[in-house]
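Student: Just so you know, the protein sequences line up as chains A and B, in that order.
The first sequence stops at residue 436 when you use UniProt numbering, and every number in between is there.
The second sequence stops at residue 436 when you use UniProt numbering, and every number in between is there.
Heads up, a few of these hints could be off.
Said to hold, decoys possible - Just the calculated beta-carbon pair ranges, DEER-fashion:
| id | chain 1 | residue 1 | chain 2 | residue 2 | range |
| --- | --- | --- | --- | --- | --- |
| 1 | A | Arg88 | B | Asp122 | 23 to 29 Å |
| 2 | B | Glu86 | A | Leu93 | 27 to 33 Å |
| 3 | B | Asp122 | A | Lys387 | 55 to 61 Å |
| 4 | B | Asp425 | A | Met185 | 57 to 63 Å |
| 5 | A | Arg82 | B | Ile94 | 37 to 43 Å |
| 6 | A | Arg88 | B | Leu407 | 47 to 53 Å |
| 7 | B | Pro121 | A | Ile421 | 49 to 55 Å |
| 8 | B | Gly368 | A | Leu93 | 46 to 52 Å |
| 9 | A | Pro347 | B | Pro234 | 32 to 38 Å |
Calculated directly from the structure, the hints in this document are not laboratory data.
Ideal Cβ positions, reconstructed from N, Cα and C, are used throughout, including at glycine.
Protein chains: 2
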Amino acid sequence: MAVTQFNPTCQKTHFHSSQLSFLSRTLPRQRHCSFPAIRRTQHARISCSVAPNEVQVPAVKAQDPKSKPDCYGVFCLTYDLRAEEETRSWKKLINIAVSGAAGMIANHLLFKIASGEVFGPDQPVALKLLGSQRSIQALEGVAMELEDSLFPLLREVSIGIDPYEVFQDAEWALLIGAKPRGPGMERAGLLDINGQIYAEQGKALNAVASRNVKVIVVGNPCNTNALICLKNAPNIPAKNFHALTRLDENRAKCQLALKAGVFYDKVSNVTIWGNHSTTQVPDFLNARIDGFPVKEVVRDHKWLEEEFTEKVQKRGGVLIQKWGRSSAASTSVSIVDAIRSLITPTPEGDWFSSGVYSDGNPYGIAEGIVFSMPCRSKGDGDYELVKDVIFDDYLRKRIAKTEAELLAEKRCVAHLTGEGIAVCDLPGDTMLPGEM
Amino acid sequence: MAVTQFNPTCQKTHFHSSQLSFLSRTLPRQRHCSFPAIRRTQHARISCSVAPNEVQVPAVKAQDPKSKPDCYGVFCLTYDLRAEEETRSWKKLINIAVSGAAGMIANHLLFKIASGEVFGPDQPVALKLLGSQRSIQALEGVAMELEDSLFPLLREVSIGIDPYEVFQDAEWALLIGAKPRGPGMERAGLLDINGQIYAEQGKALNAVASRNVKVIVVGNPCNTNALICLKNAPNIPAKNFHALTRLDENRAKCQLALKAGVFYDKVSNVTIWGNHSTTQVPDFLNARIDGFPVKEVVRDHKWLEEEFTEKVQKRGGVLIQKWGRSSAASTSVSIVDAIRSLITPTPEGDWFSSGVYSDGNPYGIAEGIVFSMPCRSKGDGDYELVKDVIFDDYLRKRIAKTEAELLAEKRCVAHLTGEGIAVCDLPGDTMLPGEM
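Turn these sequences into a full structure, and let the hints guide you.
Tutor: And the structure:
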């Protein structure tokens with residue numbers, strides 16, 4: 001058991017925005033869009049796939065260029081949604097920030113968002129891509145592919161490495177970016193290195209994002225990253241922060257369907273309790289198949305108790321063996337599911353899992369951590385916790401274990417949440433197979 | 001200039017189905033779904049992520065298992081679309097075969113199809129994934145990720161390496177798979193190696209696919225691969241075969257938008273003429289911006305004549321430099337665009353580009369080749385060529401060049417189209433940058 005102490009002041013030694021801004025200035029210069037782009041902060045960094053002197057005056061009536069945010073390529077160009085029959089009735093543009101935007105999960109997710117699959121066919125979107133110093137060229141490649149896709153709903157794309165710039169006015173922040181675990185690195189080390197990123201991003205959200213921004217943390221360890229993020233964003237409701245456990249829920253549904261011999265659309269009411277780690281609890285007590293309790297349909301209770309959870313958790317590892325890559329496509333589908341669960345009403349009688357702030361939960365789970373629990377939404381971006389769930393000793397015992405782990409993780413990042421000196425007494429390696 | 005002769009009989013020396021089947025038998029055995037799967041041909045190869053003895057009797061009323069095709073994992077399980085309110089009104093399931101299914105383009109495309117983004121929210125789909133001996137494990141990984149995504153519309157997934165099995169009853173065949181060009185390989189060599197694959201796949205489509213299957217060839221050299229494919233499928237209308245030039249069209253629209261300083265939704269009527277190679281002709285004479293001829297809006301005609309085409313063609317190469325990978329995401333978007341252009345009515349006054357069989361074309365282009373031309377569709381899967389296009393000497397001259405190239409490619413694959421002995425007198429390297 002590793003015990004490590006971190007100094008509360010060390011959180012600023014990495015990834016501070018002014019430092020990234022300095023790095024940005026040492027990069028080879030990019031061509032800039034000089035015509036509609038207004039630099040809104042000193043950290044602004046925009047680039048363009050056409051030089052200003054190649055661009056003619058717009059042939060069609062355009063919006064006031066001063067209202068245009070920083071931009072990439074064709075997305076620097078002005079447009080007027082009110083001028084066309086088919087776009088006049090569209091909703092107001094929303095800003096969606098994505099970190100780790102040059103990675104494979106984002107490479108699936110961004111194109112789903114841009115196509116209208118996530119937010120609907122009348123919701124224009126602006127994508128704000130956050131990458132790292134190393135990935136800035138790749139981010140430009142992503143932006144170029146978005147240009148070449150001609151998505152009608154995708155109206156603005158900007159790229160950058162400074163969260164204080166990229167998160168400006170974000171209404172959604174999908175935080176995928178995280179450092180992978182290096183050789184020999186313990187979970188405490190990973191918590192610290194990624195925790196610093198998420199502390200910085202929480203501060204940036206607090207400073208510049210929409211006051212009602214919804215945040216979904218995907219980068220691991222996602223529960224505690226989400227906790228760090230929300231603690232560094234005191235002006236944003238803690239309820240707005242989510243840690244992604246939806247892929248675990250989806251995998252659990254698939255395994256229950258396979259075991260019961262039914263198609264997966266018959267499986268409902270599956271909760272993932274707790275941490276996105278090997279202590280997580282896929283709940284077969286409350287889950288239903290075709291409306292019946294799982295334990296009535298799957299009579300092999302030994303399988304439920306001894307194999308089911310392992311099958312769910314080993315899925316990522318098996319996939320890496322088969323496919324040679326981690327599950328970018330299905331992870332991005334589960335992010336879409338998580339977003340859509342918040343913006344569409346939850347079907348009657350069902351619920352979805354999300355890692356949310358535990359304050360005020362009705363289950364007796366410790367407060368002050370980000371814990372995956374069953375949620376319902378009216379489709380307004382908000383959610384409420386489901387009250388009518390049952391517990392037995394077996395479920396309680398497992399929930400207590402994942403709760404203990406999350407409390408230990410919390411102690412381990414106290415220096416990043418403003419709660420004093422960190423003390424790391426984490427149990428063994430609980431990273432899920434196939435994840436870094 | 002390379003002159004190579006191929007023996008007409010050499011087409012069967014690679015990739016013959018019986019050979020693949022033999023290879024299949026030498027593979028480590030997979031677990032098989034014994035319960036609903038019926039082996040319909042001797043080449044059937046199915047695998048399952050749950051062992052039969054782990055599966056209980058379905059708890060819900062199921063379809064007759066004998067009607068179930070070969071399957072993967074959870075997709076082996078039965079379902080009844082008539083039993084539920086929300087699925088009762090759905091259309092009849094369609095079979096969509098995808099070759100190169102373990103590759104990156106397919107990894108984007110399959111999830112788009114499964115989500116309903118391509119064929120609509122009431123169209124259930126069966127995905128039939130064709131891979132190679134080498135990629136069979138990766139195919140299982142793709143199928144696992146599709147399982148974990150719980151797409152309501154995705155009802156069946158099967159994987160295999162024998163096109164005679166995988167193409168069974170296919171209503172769409174999206175042919176992405178192709179061998180990359182090896183070091184020092186000339187275009188004639190690439191035409192031969194990939195032509196043999198496409199000859200085999202044409203024969204398989206002819207033998208087992210739906211009589212009205214729509215085929216979109218993406219694997220390069222896609223025009224001549226499509227020609228080989230259709231010549232080997234005499235019982236399927238030649239009109240049903242397409243070579244993908246939609247990414248070129250999309251890139252051309254984006255570059256015209258950038259140059260004109262307008263958003264890309266203002267650009268219409270863009271034709272890519274001819275081959276998907278550097279002889280292709282992005283047509284700025286007929287293209288329109290906000291309804292006006294491009295040449296009236298972009299007054300820099302020197303740019304149109306001397307830089308525009310190169311900008312479109314170099315896009316893939318620039319992307320590889322930036323991003324380190326080829327344009328899988330935007331290619332898959334353009335395949336979606338190509339499909340949707342055939343199943344939704346073309347907007348009034350506009351058209352789309354597709355490489356189609358040139359017999360009976362109204363432009364005076366040589367018959368018997370697959371040539372990209374402007375098309376319109378009523379949304380029934382079929383298309384007609386657009387008549388009201390104009391030509392000038394400049395456009396005619398460039399079209400003649402790409403036509404000559406396609407006729408040379410045709411002579412070079414005569415051994416694969418049943419037209420005698422191949423003679424390869426291809427001009428220099430005309431592969432597009434960033435493509436293999």
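Student: Work down the list of hints and note, for each, if the structure agrees.
Tutor: Cross-check of the supplied hints:
no. : hint                            : result
1   : A:Arg88 / B:Asp122: 23 to 29 Å  : holds (27 Å)
2   : B:Glu86 / A:Leu93: 27 to 33 Å   : holds (31 Å)
3   : B:Asp122 / A:Lys387: 55 to 61 Å : violated (35 Å)
4   : B:Asp425 / A:Met185: 57 to 63 Å : holds (60 Å)
5   : A:Arg82 / B:Ile94: 37 to 43 Å   : holds (39 Å)
6   : A:Arg88 / B:Leu407: 47 to 53 Å  : holds (49 Å)
7   : B:Pro121 / A:Ile421: 49 to 55 Å : holds (54 Å)
8   : B:Gly368 / A:Leu93: 46 to 52 Å  : holds (49 Å)
9   : A:Pro347 / B:Pro234: 32 to 38 Å : violated (50 Å)
The structure fails hints 3, 9 (numbered hints given earlier, in ascending order).
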